[in-house]
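So the protein lines, in turn, are chains A and B. All residue numbers for the first sequence refer to full-length UniProt numbering, where the first residue is 1 and numbers rise by one. All residue numbers for the second sequence refer to full-length UniProt numbering, where the first residue is 1 and numbers rise by one.
Derived from the structure by calculation, the hints contain no laboratory data. Keep in mind that a hint or two might mislead.
The list that follows gives simulated cross-link-like pairs (lysine-lysine, DSBU-like), each with its CA atoms no further than 35 Å apart [said to hold, decoys possible]:
(1) B/K199 x B/K277
(2) B/K417 x A/K54
(3) B/K417 x B/K167
(4) B/K417 x B/K172
(5) B/K121 x B/K277
(6) B/K121 x B/K199
(7) A/K54 x B/K167
(8) B/K172 x B/K113
(9) A/K58 x B/K417
(10) B/K228 x B/K417
(11) B/K228 x A/K58
(12) B/K228 x B/K199
As a plain string of letters, each chain reads:
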Amino acid sequence: AFFWLVSLLLSSLIWFIAVKASDPRDEPLQRGLLIFGVMFSVLLQEVFRFLYYKLLRKAIEGLVALSEDGCSPISIQQMAYVAGVGFGLMSGAFSMINLLADALGPGTVGIHGDSQLYFLTSAFMTMVLIFLHTFWGIIFFHGCEHRRWWEIAAVVIMHLAVSGSTFCNPLYVGSLVPSYLLMAIAAIWAYLLSGGSAQNVRRFLLCKS
Amino acid sequence: MITFMNNSDSEEEPCNERTSLMSAESPPVPSYQDGLPASEAAEVQAHRKRRTGSNRSPNNIADGDMSDLGVPVRESALENEEEELTLKYGAKHVIMLFVPVTLCMIVVVATIKSVRFYTEKNGQLIYTPFSEDTPSVGQRLLNSVLNTIIMISVIVVMTVFLVLLYKYRCYKFIHGWLILSSLMLLFLFTYIYLGEVLKTYNVAMDYPTLFLIIWNFGAVGMICIHWKGPLQLQQAYLIMISALMALVFIKYLPEWSAWVILGAISIYDLMAVLCPKGPLRMLVETAQERNEPIFPALIYSSAMIWTVGMAKPDTAARGPSYQTWDAAEDGREDHRSPSHADSRMLETRNPVPTGPHTTFEEEERGVKLGLGDFIFYSVLVGKAAATASGDWNTTLACFVAILIGLCLTLLLLAVFKKALPALPISITFGLVFYFSTDNIVRPFMDTLASHQLYI
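Generate the whole structure from the sequences, applying the supplied hints.
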């Protein structure tokens, strides 16, 4: 969570500087700057995810060195999951919490001609992002562990794609549907990487031991 | 207090008068677990002391003892265990501290957001006499710096006073002082707080019921804190006291002064703990010379059992190397805040009997954090909640920053195994994140939210 926060801080700093240095009345430029800000922020988040991976790697090595039987009390997969959840929660909290606070008060959604589904879609979008961050954490760490760069690249591209799809808002079908599809793909991928398989699922569903 | 006198419309004068009266006699609220250490703790607590003591590997103590008793063979084998346990218990202790700090912050933020009383400006403490309603920015800055200087010097004076009292063994004086202070905190502040909450939610309550509630709350609190009580009840009371104290600070410190004071207190903390002539260090050394356990009072303790025989000999053997404390903030009494900002984290060593057949009671280890830490963390988060226009994002960012600072401090404590202050890292992170989130991240997030973009 902290790392996500720092990445957010740095990316907003860049955006802020860019905005202040540019002409506020130029609409397309502002929009362009915003897009640039978003993309840069996504990239920075992934960089920080990588840095966090490095930090956790060192921690695990320390724990292994100190432990009696040569294995650390917490595995890298668990750490990947936790890291993903942390990123996701922080990102979700930052996206939603002001909305929630405003939702408590009086008001009408979309009274000025905006979409009336604003709150609903924001909620769904946030949820999908939190899940995605969790899965991306697992896939990313797995890729770093086993030196599979294409996995890391896939995570980055997926993140960029999801963020990019939100540019279609308020045409929600353009952003929500791809995001959920990507989430399903990421979920299956992460599950397989964590050692799951179709047989496990079947056994779980049929309640076999 | 001001509001006590005229239900929330207060003039400056009665406020000052009351505060000056109260400041003279507001002892800190101790939280001791047994009598003897309590008196020392009381003395030490008399001025706001913050100590961060953390002994991360309680096993060390036991190991040390055993070594002392001539079992040197096991030393090297035990060392690895110690380190591993250090890390394991370190993580557990971090969690044990996260929960109360989080709870305190939640209480403060919830109150700030709902009860408008604590964000209204109704006068200032006498410790911050310069007003911030000045037309120019430079003047305002100057006033806040002057306020800070006054506050910090008050703290230093009170700390030195406390050290002197402790040196000359005026235990009774401090004891009485502490009791008076905790009385005031538990009854008066709670009364005001309850009054304001009831007003906010427009709930009618008659005086007899109010009297009953406050009497019970206060009496049980006094017993729990000063004498014996269930551990969780005591923890709950300490958290509530810290929250009340923090709310008072948030209300009565003007904005810029509050931030500058937070920064200055961190620096003071750093210096008072690490410099050889720092008052806190001297206090600790005196306590160690006398083989007295340090500051059980005014500390939030998550430890389980404190037996009276807890280890004077243990403390003597282990004392110097295992205590890490934070510089004290003095003069809690000085501010009409009887509670203390003791930011101390001491790890309690479980009462290990000194004998070759020592049993390691590992589960009884706990961590102690001085109440001063709670208070200043909550002040930072509360101020962020009160004054930030970015509202919840800023509050959340400060919260995460403080917790990470706490983690780092505990980590450093484990690595260095010597006195380290608890406030600086967390407060620095908190301040950095507050200002940066409020000014830089907020416009970015607002723009994103208005276009419904997600990053």
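Hints, verified against the model:
A threshold of 35 Å between alpha carbons decides the hint, and for B/K199 with B/K277 the separation of about 49 Å lies outside it, so the pair is violated. With a CA separation close to 26 Å, the supplied pair B/K417 and A/K54 stays within the 35 Å bound. Among the hinted pairs, B/K417 with B/K167 is consistent with the structure: their alpha-carbon atoms are about 26 Å apart, no more than 35 Å. This hinted pair checks out: B/K417 and B/K172 have alpha carbons roughly 33 Å apart, not beyond 35 Å.
For the suggested pair B/K121 and B/K277, the alpha carbons sit about 39 Å apart, so the restraint of at most 35 Å is broken. Proximity of B/K121 to B/K199 is assessed by CA-CA distance (about 17 Å); at most 35 Å being required, the pair is judged to hold. Using a Cα cut-off of 35 Å, the hinted pair A/K54 and B/K167 is violated, with the two alpha carbons roughly 50 Å apart. Of the supplied pair hints, the one linking B/K172 and B/K113 is violated, its CA atoms being roughly 41 Å apart against a limit of 35 Å.
Only pairs whose Cα atoms come within 35 Å are accepted, and A/K58 paired with B/K417 is accepted, the gap being roughly 21 Å. For the proposed pair B/K228 and B/K417, the alpha carbon gap of about 31 Å is at most 35 Å, so the pair holds. About 44 Å separates the Cα atoms of B/K228 and A/K58, which puts this hinted pair outside 35 Å; it is violated. Of the pairs offered as hints, the one joining B/K228 and B/K199 holds, with about 34 Å between alpha carbons and a cut-off of 35 Å not exceeded.
Consistency with the previously given hints fails for numbers 1, 5, 7, 8 and 11, ordered from lowest to highest.
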